[in-house]
Structures are given as C-alpha cells and as structure tokens.
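Protein chains in written order, with my numbering: chain A, 5 to 329; chain B, 234 to 545; chain C, 894 to 1420.
Keep in mind that the hints were calculated from the coordinates and are not lab data. It is possible that part of the hints are untrue.
25 Å max Cα-Cα, derived SDA-like pairs, lysine to any residue [said to hold, decoys possible]:
#, chain 1, residue 1, chain 2, residue 2
1, C, K1382, C, V1283
2, A, K66, B, L400
3, A, K133, B, R268
4, C, K1235, B, M307
5, C, K1419, C, I1111
6, B, K405, C, N1289
7, B, K405, A, V27
8, C, K1419, C, A956
9, C, K1178, C, T1287
10, C, K1336, A, V41
11, B, K405, C, D1306
12, B, K405, C, V1288
13, A, K133, B, Q538
14, C, K1419, C, R1109
15, C, K1178, B, G404
16, C, K1178, B, D297
17, C, K1082, A, T173
18, A, K133, B, R269
19, A, K133, B, I535
20, B, K405, C, G1305
21, A, K133, B, V275
22, C, K1382, C, D1352
23, C, K1336, C, D973
Remember, it's a predicted structure, so these values are computed and weren't measured experimentally.
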Amino acid sequence: MLAFIIQRALQAALVMVVMSMIVFLGVYAVGNPVDIVIPPDATIAMREEVIRRLGLDLPLWKQYGIFAWNLLQGDFGRSFIYNMPVLELIGGRLPATLELVLISILFATVTGVSLGIYAGVNPESRIAKLIMGLSILGFSVPSFWVGLILILTFAVHFGIFPAGGRGETVMVFGVEWSFLTANGLSHIVLPALNLALFKMAMMIRLARAGTREAMLSDTVKFARAAGISEATILRRHVLKLISIPIITVFGLELGSTLAFAVVTETIFSWPGVGKLIIDSITVLDRPVMVAYLVLTAFVFVMINFTVDLVFALIDPRIRSGRQKS
Amino acid sequence: MTPSNPKAPTENPPVGMTETGKPTPPILLFWREFRRNRIATVALGITILLAFVALFAPFVAPQDPYNLQTLSLMDARRPPGHVGSGGYVHILGTDAQGRDLLSAILYGLRISIQISLAAGFIALTIGATIGVLAAYIGGWVETVLMRMVDLQLSFPAILLALVLSALLGQGKAQLITALVAAQYAYFARTAYGAATAERRKDYIEAALATPLSARRVIFRHLLPNCAPPLIVVATVQIASSISLEATLSFLGLGLPVTEPSLGMLIANGFQYMMSGRYWLSVYPGLMLILLIMAINIVGDQIRDQLNPRLRR
Amino acid sequence: MTYIRITGLAGAIALLTGMAGAETLTIGVRGGPESMDPHYSALGTHAEAAKHIFDTLVWADEALQIAPGLATEWSPVDDDTWEFKLREGVKFHDGSDFTAEDVKFSISRPPIVTGPTTTAIYVRRVQEVEIIDPHTIHIHTDGPAPSLPYDFVRLFIVSHTAAADYSTPETAAEGFNSGVASIGTGPFKLTSWEPKADLVLDRFDDYWGGPAAWERVIRKEMPNDSSRLAALMAGQVNLVNDVSSADYLQLQNDPAVDIFVGDGIYIMNMLLDQRTDEMPGLRAKDGSALPENPLRDIRVRQALDKAIDRETMVEIVLEGLGKPADQGMPPGFFGYSENVPKPVYDPEGAKALLAEAGYPDGFEMDLYCSSDRLPGDAAICQGLGQMLSVIGLTVNVNATSRTVYFPAQARGDYSVSMNGWGTLTGEATYTLGGQMHTPDADKGLGGFNRISYSNPDLDALIQQGMVELDEDKRREILESAMELAADDKVLIPIVQLQSVWAARAGELDFTPRTDGDTLAYPIKPKQ
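Extracted from the complex, chain A is given alone in its bound form (with noise of 0.2 Å):
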C-alpha cells in the first residue's frame, strides 16, 4: 500500500511539472498581451518600461524560470492588470466559487442518484420516462440558457430570488461564507441549480445504468431469489456496486463543475474565480491566467490521486498494481 501511494504520488508531481510547463509555455506563446494592456498610444519609452516592467523582454525559458522559482516558494507572481499578488486575487474569490460549487454537486449528486436509481429499478416505468427524458434535456441545454431562463422567471418575472451577486456574509474560520445566511442562501439558490442541472444529469444517467447492471448481476438475482426486500438489496448491493463509478465521477466532476462555473458565475454575477478568469482572459492577463490554471491542474491532480487512493481501499485489486480502465 505505502508503494503504491509513493507511486502515486511520484507520478502527480511530475504531471505537476509537466502541466505547469504546458501551461505556462501555452499562454506566452501565443497572443501578445503588450498591445492589448498598453494604450496605442502609448511612446516607445513608455511602451518598453512596461514591456520591462512585466519582465516580457526576458527570454522565455528565463521567464519560465523565474515563474518556476517563485512557484516553489509559493509566488504566482503579479497581475498585469491590477499590481496585486495573483494569489491573493484569486485566494480571495475562492471560496464564493468553492461554496457554489461544492452545494451544486453535492445538491446534483443527491438528487441524481436517487432519480438514477429510481430509474434504473423500474426502467419501464412512466416516471423512469420521464426522468430519462429530464436527464437528456438537462444534458442538452446549454447551461448559459438555463441560466437566462432562470434569472427571467425567477428573478425578473416572480422576484422570488435575486438575479446575481452574493449575498450577505459570515465569518467563519477565518473566511466569508453566504449560504449560513438566509439573505446569502437566496443569491445561492438560482446559481447552484443553473450548475448542478447537467451534473444532475449525469448523476441520474450514471446511477441508472449503474443500477441496471447492478440489477441483472447475478448476485442481485440470488438475492431476490432468497427473498431479500427490494429496499436490502438496494442498499447492499446495488448501492455498493455503483459507488466506484459514483465517486470517481464525483471527483472528476468536482474539477470540472469548477470549470463550468465560468459560465454560471458570468452570468449571475457571481464573485468568483470563474468570473475572474473570463476576464483575465479577455484582456491576456497572462499571471492570473496561468496560475488559475496551474491550480486548477494541481486540484485535479490531488482529486485524481485522492480517487485512486479511495480506490485502493475500497477494490485491494488495484493495489496489486491492476489498472482500472
């Protein structure tokens, strides 16, 4: 077991290098954000000061060094744009994106899988149907739209909810979080619906075809045939079999929720990373940007690891060095 953490863990800090090489050579090589951050206007002289300023006359590996350097320490460098340590730009949006996200899959995880389930046990029946049918739309309409939709009947046409930003804050911990509040927990309702409807989607698709296999298994059949209740093999069985894929997906999901959040966050106002990175995309705010994405690598990489780990415990086959597919 502890050689194959060392393995593991061996193996995600060289993606990390890798990804943070990528990464970091990706975004300088193309597009220049000189002419976009300087005004046309702008003198030579002033253009080369900021041009040395930005430390953009440096040869790349240099600039890869340096930025490699103040990595290990812990510094992301500084953004183009706002002067401020990239780290504290983005460490202080983190957790209204977090918060959102974790609520929407969390929510879409809890009501996926038991739709997907319900689903999956009766798949003939009419509401198995329609969830299907629920399932495929939510997976086909584009999250943008759902969010348009929700901000018009909800916010605009019914007042329920408000249209966008955060709400109120507490402090806890040391960090402000708005879903201990009733006021922030209204802002949070329409965003982490409009995030978690595809994730949902996914959950009730996966636990369905989870639960169907699971259902024709022969360990099922025997069970029935020894006259356990439905609602015992659900539980032992049926559960126990779809957990693997379940977690894997929830982990993956966790990143890539993190990312769709782009979207939610634009267009509900939400202050989060999400909306930060759009923006500093626009305008080539090449720090932000990598760091944004030299994170988001490194957290996909510790959930990578943290499944595999979870794997382990849960299949002793795996350990033995068997690779899951």
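Following the hints, complete the assembly by docking chains B and C onto the known chain A.
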C-alpha cells in the same frame, strides 16, 4: 450422414441467418432493433431532417441573411408574423439587422453543424490514430501517449476550449482547433480501450507472429473493433461540441457576430430578453436544444444497443 | 446594521420612516477600477471610482467644462509656467491638512507607480513643481502648455504622508488596496474593495464641499448589461449605468423605473485609410486589384458620407439612443464648430459621385469594427454595411473583439474600419492631435492616426492650437481645424452615443455626466 441433405452446414447457422440462407447484414439487424424504440426513431428523423435543412439552407431559407442588399433596417426586430418589405411573412420575426429570423436560424444551424462535424471528424481521426497506435505499438509509446491523454481527460474540456479560443482569436478555423483540442482525448481513450481489448486476443497475437503486415492488422482487426464505441463517443461529442460552441460564442470567444451560429444568435438575442423581444433568443435556443436533444437520444439508443451487458 | 431593501414598498417606507432607507446607495456599474491607487491606471472606469475618494486640482463638470477643484484658480504666469492657487481648509480623511506638498508629491507619483494604461500622460508636460507657499504652486512646463488644466482633471491628489511608503510599483497596490495609503480629500472614505466585485465607501463627514447625502455607497461591478438591469428590477441596486439601447425603449414605458439620458463623449467614426502603397481589403468586384486606392479620392469619401442614413442609424439600430454626428467631437466641446454643415443622406448623389470618381459599378471592401468596446458598435457596423451596399458597393462586414481589432488596426491590416472615439478631455486638441495629425512620435501627436492621413495645413492649425494661451484665439483656431477636417472628410462621423442610467422610480435625483461617470456625491435622494 444423410443423403437427403447433402449441403447441410457443418456448423450451426450464425445468428441472423434468414430463410433464404443469406445472412442479414448486421446494419439491418441493428436498424430493426433501433426502430423498436419509437422516441429514438423520431429523434433520428429529426436529426436527419435538421442535417438536410442545414445542408440545403440556401434553398430552404426564405432569405439569404448575409446578402446585405436584400436586408432592410426598417424590418429590424419585428415580431413573428410581420410582413417585411421583401413581401413575405417573417414567421419567426426578424433580428436586429432586419434579417428573417427563420433564415438566420437555418444558416446558424448550418454553421453550428458544420463546425461541430468538422471538429468531430478531425478529433475522431486524431484520437483514433493515437489510441490505435498506442495499443498496437505498446511499450513506452503507449505509456507516454496514454498518460498524456489521461492527463488531458482529467482537465475540463470547456476550460481548455475557453483558453484556446481566447488565445487563438475569433474565427471558424480557430474555433475548430479549440474544439478538436478539447475533444480528441475522448476518442483516443475509447479507441485505445477497444483496441487493447482486441490486441490481447490470441488471434491478433497469432497474426502478429505471422508475416501479416501491420497495416492489415490495424485496418482489418483493430480499427473495425473500435468503430462501435467510437460511433457512440462521436454522437456524444458532436452534441457536446455544438453546445460548447454555443457557450463560447455566448461568452464572446467563439465566432464573430457577423456570421452567427445558433449560439451567437442566442447571445445576440439575450440582450433583448429584458425588453420582451423573446423571439430573438428563444427560437434559436429551441432549435439548439432540439438539435442537441435529438442527437443525444440517438446516441443513447446506439449505446444501449451496442452495450452487450444490457442484452438479455 | 445591514440595510435590506423591501421591494415594491420601498417608496412608501422611505416616506414613512423619513429617509431611513436613504442611508445606503447601491449602484450597479458596468466596469470598475483596477486598483485603489488612483495613479495606477488612466482608464475611465478607474478614474470614475477614484473620484469618490480623491479630488483633483481642476474639476470637470457634467458637461466637461472645467471648474475649480482643489485649486481655486489658475493662470499662466509666463509662456511655460502656470500658477495654481490651492483651496484652504481642506482636510484629508485622516484629519491632516491639504497643502502644496501633497500636490508636488502627487505630481511626482504617476510615472513611478503607473500600470500599463499609463497615467504619466497627465504630467508629461510638467518639468518642475515649485512651492511658493503652502497654498500656491508654480508648475514649470516644457514649453507653452495651454491644455495643462485639462490634463490635471485626471490628476488625483493623494496624501504625501499616508502614501509616502507606498509609492513604488511593488508597494503601491498593497498600501492602497488595504486602505492604509488611500487617504484622499474626497467625499467618501474607502471601506473595502474586491477587484471585479464590490467597492464599499463610507461618507467623509468633513468633506470640504459638505457631507454627501449617503452614509454608505456600494458600487457593484456587473459587466453584463442584462444582469445589471435585472438586478435593478429585482431591487438589489438603486441605480445602474450603461443601460443598453435594447432595453431603453421598453424602460421608457415602465412606471417602476426612472431613466436618465445623457449625451456621451463617444462618436462612432468610419476610418478610411489613405495609403498609396497598399490597400488591404479593397478590390474590384470581380476580385481583381484596383488601380489605385479609391479612398484617396475626396469624391469617394464624400460618396461614402452621403450613403449613411444617420437618422435610421439612430432610430432603428440604436433604438433612439444616440444623435447623428457631423464632426469628430460632440457639440459644446471646446473647439466644436457650428459651421460644419449637417450631413445629408443622399444615396443617388453618392452613386453619382462614385461614377464621377471612376467607379460607376462600385467596388468591394472589407469593413472591420470592434464588437465589444462600446454599446452598439457591432450593430452600427452591420447597419453601415447595409447602407454602403445600397450605393452599389460590395461590403464584407467583420465585427471582431477589441483584443483583435485594435492591434490589427494599428498594424495597418484594415483599409476601412469603424470604432468609437471619446474626447475624454472635452477639448479639440485631444481629438485632432490624436487622430488626425501626421504621426509624430517626438511631438506625441498622431498616435491614433490609423488612416495614414497627412495634411500640413491641418497639422499647422493643430500645433498653433496647442500652444496658444489666449482662450478665444485658441477656440477660433481649433474650430477652423475642425471645419477643415470635416471638409476633407478625414473621418466619417456617424453617430454620437448617448448613455442611459436607470433607477427605481421616484428614488433619486440624478444628473447625467457627459463623460458617462456615475458619481455618488452629486446624487441626492428624491424629496
């Protein structure tokens, strides 16, 4: 041996043999099973219809929305049913430039389908090549290629497409590049999975031991076995790239506004949502949803049919 | 205590509780500052936020006419010296007195701490600052600088004690963003700021102009036009800026909302490149090369001008939210000429002029525009394409994002393009010198001349206007320069944009500013 039946087959007839003795082509069998799901059949019909409409948009659409000479600003933003200066009824109304919205939607559909098909095809080609090569060659090539693919798969496609299209700028080619980069890995993983499963089978090992050319092994055995799962992935990916393109356009990173895809039409129409001119974004939105849903339902059915574990 | 708005009943409750609800003003704004250091960026949205916390020596009023600010009067002492008399009895937020030291310090700061959008331009003419007494300073310039008071409109005065330790590129952001160094003399004190999110300001009770009507002002950044308006409708904010033309018509008939329309500083211009050596995007209709650049022919430029139906552009494309433009600057600005003839829509005349110039069948052009810089730019661009195609031209319209458009335009990739130009200073040398003077890096002129236009007569007028210290003579020179530019069709002005603000009905007294700034201090609760 009874003389009455001299031509009796020495082995059991394969499944699907008809009375005449000719085997039914598997595609026909597939179709028969497909047809049993009425919703999927309707979805397939819609998909084909939309594809045709998109293909023949110039002949189907009442107006060429890009011919500036046929447009009149006087017709701008008229509600559905308005009779324009061109003399015909704008069934779905007009957009901010006085374009017939139905025509704009049909042309937008064309662009959306064009882009997602192009991206899907290129991603399929690149992905399948990587996957099959990795499976065939094995060794460190396999490790490096698949490690790379896995790495990318763990990264959200939308983020990759977002950053790439921001860096590459607006335009069809740039957008397709971004979509391909975001999607090839799914094809690579799928092809690799199918090809390794096949590669491990004894007959391939045997074939490799004989002087059969690598090309023959790859094209006759590995690729055909990858085809079914690749088709499933392709339908999913085409649907998702239509949606992705729309999202990018909505965020202002996709196509230029002057050549609107469905996503761009919705984004353009979004600014009129608050002022009650719903048709500008609702109809393109409905078309987009219809298209994606139809493709997804078809893809679902194909997957269910190809998944042997669900067969009783 | 947090003030919670009660939607729908707001008006009645405000009356009943005697303005208890008017303590906090929440504004939804399209864009915000990049830092709390006022000297960091020259962007309009940056200066707009800074104006709440900091003052300037010279103030620009709603119509961009200059007025006393922290300086009560100013006058040229000789050809290259200005004297500024400073206001007495002004306090900084930390209670210290405002003196000449602060001015000197504030003038020295921009070149050191500025970000990429440089604020050094506001002090580029300054050679030396001489303190005569605590409330009198002499500014020595590099030659006659009649526009110095206009430059100082954007020069914010910071406290020379509070900001002393936060005046290097490394320390400035930390010091100012945390509030330690952002000590100004303005009507509001900085409470907190989150980039791209909320700027929270509290009233400064000892403001020299009298305390503001609001105890607290929250400026929320909401870049999406529809979301911003939705927030107003849902009662989350009291006021929003930059209402889009798409929503304008509808809001006019909405009793729940008050709207305020103001003329803007932006003019949408069509730019016609006059290079001789190459003409990218211009060709004959059959695709062959044209013998020469048609845009050099004044008749072609006149024809393009006549082809534009500015009334339709305003009424249909902008849904009423704009005005036809006849020169590169809005009416009333220093140097605007009343003698420039109003443009006439005349497609037949345009065709005749094209034929006369040797293009009876027209030609083909690629028209490029920014699509996300100013409200309506992409729509105007497409409308323009339609109008030009009416006179027989084949027009390919390309509206692209500003991050692509401006660098490409600067490289000379476009022969025909369209974008907005804002006369930020409210006077003509900015517009003439920037856009129409022959490019001259040494003099700092023609930096935005994207059309390879060079006219020695116009150059001479612009340069005279830049050094003439006599107001009336200066005005005369600049007006004749504007007339010459209009006559030669240097740029084809199309429309002047207008800005719209919207507030919950009956809540606020608000006067639009020409520069589009949304400033909390002049806003009062409606009695």
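Cross-check of the supplied hints:
1. K1382(C) with V1283(C): 20 Å, holds
2. K66(A) with L400(B): 22 Å, holds
3. K133(A) with R268(B): 18 Å, holds
4. K1235(C) with M307(B): Holds, at roughly 23 Å.
5. K1419(C) with I1111(C): 19 Å, holds
6. K405(B) with N1289(C): 16 Å, holds
7. K405(B) with V27(A): Holds: K405(B) and V27(A) sit about 24 Å apart, inside 25 Å.
8. K1419(C) with A956(C): 22 Å, holds
9. K1178(C) with T1287(C): 7 Å, holds
10. K1336(C) with V41(A): Roughly 23 Å between the alpha carbons, so the hint for K1336(C) and V41(A) holds.
11. K405(B) with D1306(C): 19 Å, holds
12. K405(B) with V1288(C): 20 Å, holds
13. K133(A) with Q538(B): Given that 25 Å is the threshold and the Cα spacing comes to 17 Å, the pair holds.
14. K1419(C) with R1109(C): The given pair, whose Cα atoms are some 17 Å apart, holds under the 25 Å limit.
15. K1178(C) with G404(B): Judged against 25 Å, a Cα distance of about 24 Å means the pair holds.
16. K1178(C) with D297(B): 19 Å, holds
17. K1082(C) with T173(A): 22 Å, holds
18. K133(A) with R269(B): Holds, at about 16 Å.
19. K133(A) with I535(B): 17 Å, holds
20. K405(B) with G1305(C): 23 Å, holds
21. K133(A) with V275(B): 16 Å, holds
22. K1382(C) with D1352(C): It holds: about 15 Å lies between the C-alpha atoms, which stays within 25 Å.
23. K1336(C) with D973(C): Distance ~16 Å between K1336(C) and D973(C) Cα, so the pair holds.
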